[in-house]
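Here's the letter readout for the chains.
Number of protein chains: 2
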Amino acid sequence: MIAKRCQQVQPFYVMDLLAKAKQLQASGRDIIHLEVGEPDFTTPQPIIDAGISALKEGKTHYTAALGLLELRQAVAARYQQTDQLSINAKRVVITPGSSSALHLLMHALVNPGDGVMLTDPGYPCNKHFVTLVGGEVLPINLSAADGFQLNVEQLDEAWKPNAKVLLIASPANPTGTVLSQDRLKQIVLWAKAKSIRLIVDEIYLGLHYDVDAVTALALSDEIIVVNSFSKYFSMTGWRLGWMVVPEGEVEYFDRLAQNLYLCAPTPSQYAALAAFSDDTLAILELRRDTFQRRRDVLLPALKDIGFGVATPPQGAFYIYAESSQFAADSFKWCHALLEQAGVAITPGRDFSSQSAERYVRFAYTTDESRLLEAVDRIHSYQRSR
Amino acid sequence: MIAKRCQQVQPFYVMDLLAKAKQLQASGRDIIHLEVGEPDFTTPQPIIDAGISALKEGKTHYTAALGLLELRQAVAARYQQTDQLSINAKRVVITPGSSSALHLLMHALVNPGDGVMLTDPGYPCNKHFVTLVGGEVLPINLSAADGFQLNVEQLDEAWKPNAKVLLIASPANPTGTVLSQDRLKQIVLWAKAKSIRLIVDEIYLGLHYDVDAVTALALSDEIIVVNSFSKYFSMTGWRLGWMVVPEGEVEYFDRLAQNLYLCAPTPSQYAALAAFSDDTLAILELRRDTFQRRRDVLLPALKDIGFGVATPPQGAFYIYAESSQFAADSFKWCHALLEQAGVAITPGRDFSSQSAERYVRFAYTTDESRLLEAVDRIHSYQRSR
Chain A
1 MIAKRCQQVQ PFYVMDLLAK AKQLQASGRD IIHLEVGEPD FTTPQPIIDA GISALKEGKT
61 HYTAALGLLE LRQAVAARYQ QTDQLSINAK RVVITPGSSS ALHLLMHALV NPGDGVMLTD
121 PGYPCNKHFV TLVGGEVLPI NLSAADGFQL NVEQLDEAWK PNAKVLLIAS PANPTGTVLS
181 QDRLKQIVLW AKAKSIRLIV DEIYLGLHYD VDAVTALALS DEIIVVNSFS KYFSMTGWRL
241 GWMVVPEGEV EYFDRLAQNL YLCAPTPSQY AALAAFSDDT LAILELRRDT FQRRRDVLLP
301 ALKDIGFGVA TPPQGAFYIY AESSQFAADS FKWCHALLEQ AGVAITPGRD FSSQSAERYV
361 RFAYTTDESR LLEAVDRIHS YQRSR
Chain P
1 MIAKRCQQVQ PFYVMDLLAK AKQLQASGRD IIHLEVGEPD FTTPQPIIDA GISALKEGKT
61 HYTAALGLLE LRQAVAARYQ QTDQLSINAK RVVITPGSSS ALHLLMHALV NPGDGVMLTD
121 PGYPCNKHFV TLVGGEVLPI NLSAADGFQL NVEQLDEAWK PNAKVLLIAS PANPTGTVLS
181 QDRLKQIVLW AKAKSIRLIV DEIYLGLHYD VDAVTALALS DEIIVVNSFS KYFSMTGWRL
241 GWMVVPEGEV EYFDRLAQNL YLCAPTPSQY AALAAFSDDT LAILELRRDT FQRRRDVLLP
301 ALKDIGFGVA TPPQGAFYIY AESSQFAADS FKWCHALLEQ AGVAITPGRD FSSQSAERYV
361 RFAYTTDESR LLEAVDRIHS YQRSR
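Each protein sequence line maps, in turn, to chains A and P.
When the first sequence is numbered by this note's numbering, its final residue is 385 and no position is left out of the sequence of numbers.
When the second sequence is numbered by this note's numbering, its final residue is 385 and no position is left out of the sequence of numbers.
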């Protein structure tokens, strides 16, 4: 009785692992969690305080479907601040998380049979957003040797005549790859030449290291950018994100939003008004530095014990590491690692078809000492086999 | 470049009216708002306080996709309290509003080409939830003379061989109709005999007058019930609802939820833990009484000046009234009424194909004196034409 499209939707494989990890913890085991894509930090206090104030003032009714005008203006102003970009606040659509944004976009842009180009590896839900609306996933195979950067040759190779949408992410999950400005420009031009809609997932923007990363909005008014308050702003549970869309299409997104979810959570929207304040940004920049330090500790430690990471990841809070040196099947190995060593990491199967069994993802969402202990445990486990 | 399915999605027509009403207000006009389907009450203080406490405690991370276990248990316990029903908490799925629940259900249950039976009049988004997943709307024409009750003859008439799902609501929007227990039983049996999945939208349950209204869950474990914290609990902006589904299908909804929205807003979930407390319920019952008094004031006043309401509505906070005595086209008439008399009501076009032009919906979400003033203004406007 369950629809076919729904039977094809796979669970996040990491969820089974997470459930097992919680069981082990309940039985008294010490588990190091490096599997979940969520900052370990609580939301910064100024944002929490703004949420509390909104609740005290009784801000509990619906907002407009496109979001609070003040928040849309604040997001637009943020682009001025970070990228000296003048974005009309009308183009900003507040969404209940970026999941809803991506899902809404597929409804809005993809006819049944249309091709949607997605990177492999990539965010696991994207392929489901495509198939749920009857689209066809056109995978773009990225290369570890190239630091999982995306190039025009790969796009040409993945392209098929039904291609309508190209969805990319920078910084990317699970690789942490930040697209270089040069690559991004080439991709924008390629998409324009092919009349393909380009969506850029920038939900990890702000969490980038060593390199400058700027919004793709700087390159074109025709692309769609998806962003979120979850990652850089540590607001996961509030379910709040945004899109910037071409001005002429706002009305369609408005209608879809009215139907699909009415509006983003009101207390979250008021709380997020404090997300761009100096106080908040000072906290967030310290957290960014912390993530960078963790990466700088974890990456060499992983390489020391034999993981393959061809190019240092420059963003997000992930390291996508080749584990085939340790086991042929990373899925089984992750389960063994959890049970035997008490370390939870995510198998490649959640992110990839091509590299599923040879890779694992580490989320450095715990402190440095625990990261190093995790590496020690993995090392000991491997030596004991 | 916008997908066909999306171009078919109509806006809520009332939104244009609402925009115009706000313009008029901004220019200094006094507008009486009877158009929006939202309680005028702020969320009860115990729920707000629970939300504030959760924020103070830093409850800002993701929850499980199915929702906080404590909240699922609290919802299950509520069925014990109101209906002496023992519902396994595993069957309770917490959702970001009932919109997301209905949308998710259509993804889960409807294959392209499947028929979904919907009442006309009914909630405007339902037809879009169906067409967005490629389903076919099979309208069931309700009769004002029968108080917009649904009967088996109407179901037989509307049925087609591709029918897979029947979605009904009680109390219903826009009619306020509460299905009698007898009718509900017949509908459950009819759906079972036809092997059709029955979804019962109970988001206005609790807001019913004169009659007892009980959950359809009492009649079958195979149906799906959708509910919400928005209406009876006055929590619209928090975006929180729930479903009760057959136990064997929970895993599918879990996967879809993981992909479509990850989880419902965390602060909202913690706040809702206070929704079933004695303090909160005492406030909510007073509000229910207030709605009943408003209905009892508004209904005779509308009939006095010539609106047609064959049967008193027994639930929700709506009166769906025949306006053909005043104008052939209720859409144009609502706009004229707003401009000339400063009264905002919703034209039938949002809810119906068959009765679109002959009906309007009044939401009694403002106090009694304003309700009576609205009726006076309509009366004066009609006499002046």
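Calculated directly from the structure, the hints in this document are not laboratory data.
Keep in mind that a hint or two might mislead.
[To be verified] Quick list of in silico lysine to any residue cross-link-like pairs, SDA-like style, CA-CA up to 20 Å:
id	chain 1	residue 1	chain 2	residue 2
1	P	Lys194	P	Lys59
2	P	Lys303	P	Asp254
3	P	Lys59	A	Thr366
4	A	Lys59	P	Gly113
5	P	Lys160	P	Val214
6	P	Lys59	A	Gly206
[To be verified] Simulated coverage check for chain P against chain A, where a stretch passes if three residues somewhere in it have a Cβ under 8 Å from a Cβ of chain A:
id	region
7	50-59
8	244-256
9	262-274
10	278-289
11	315-321
Backbone N, C-alpha and C define an ideal beta-carbon position, used for all residues, glycine too.
Comparing the hints with the structure gives:
no. : hint                  : result
1   : P/Lys194 <-> P/Lys59  : violated (46 Å)
2   : P/Lys303 <-> P/Asp254 : violated (48 Å)
3   : P/Lys59 <-> A/Thr366  : holds (18 Å)
4   : A/Lys59 <-> P/Gly113  : violated (42 Å)
5   : P/Lys160 <-> P/Val214 : violated (29 Å)
6   : P/Lys59 <-> A/Gly206  : violated (23 Å)
7   : 50-59                 : holds (count 6)
8   : 244-256               : holds (count 6)
9   : 262-274               : holds (count 7)
10  : 278-289               : violated (count 0)
11  : 315-321               : violated (count 0)
When held up to the earlier numbered hints, the structure conflicts with 1, 2, 4, 5, 6, 10 and 11 and fits the remainder.
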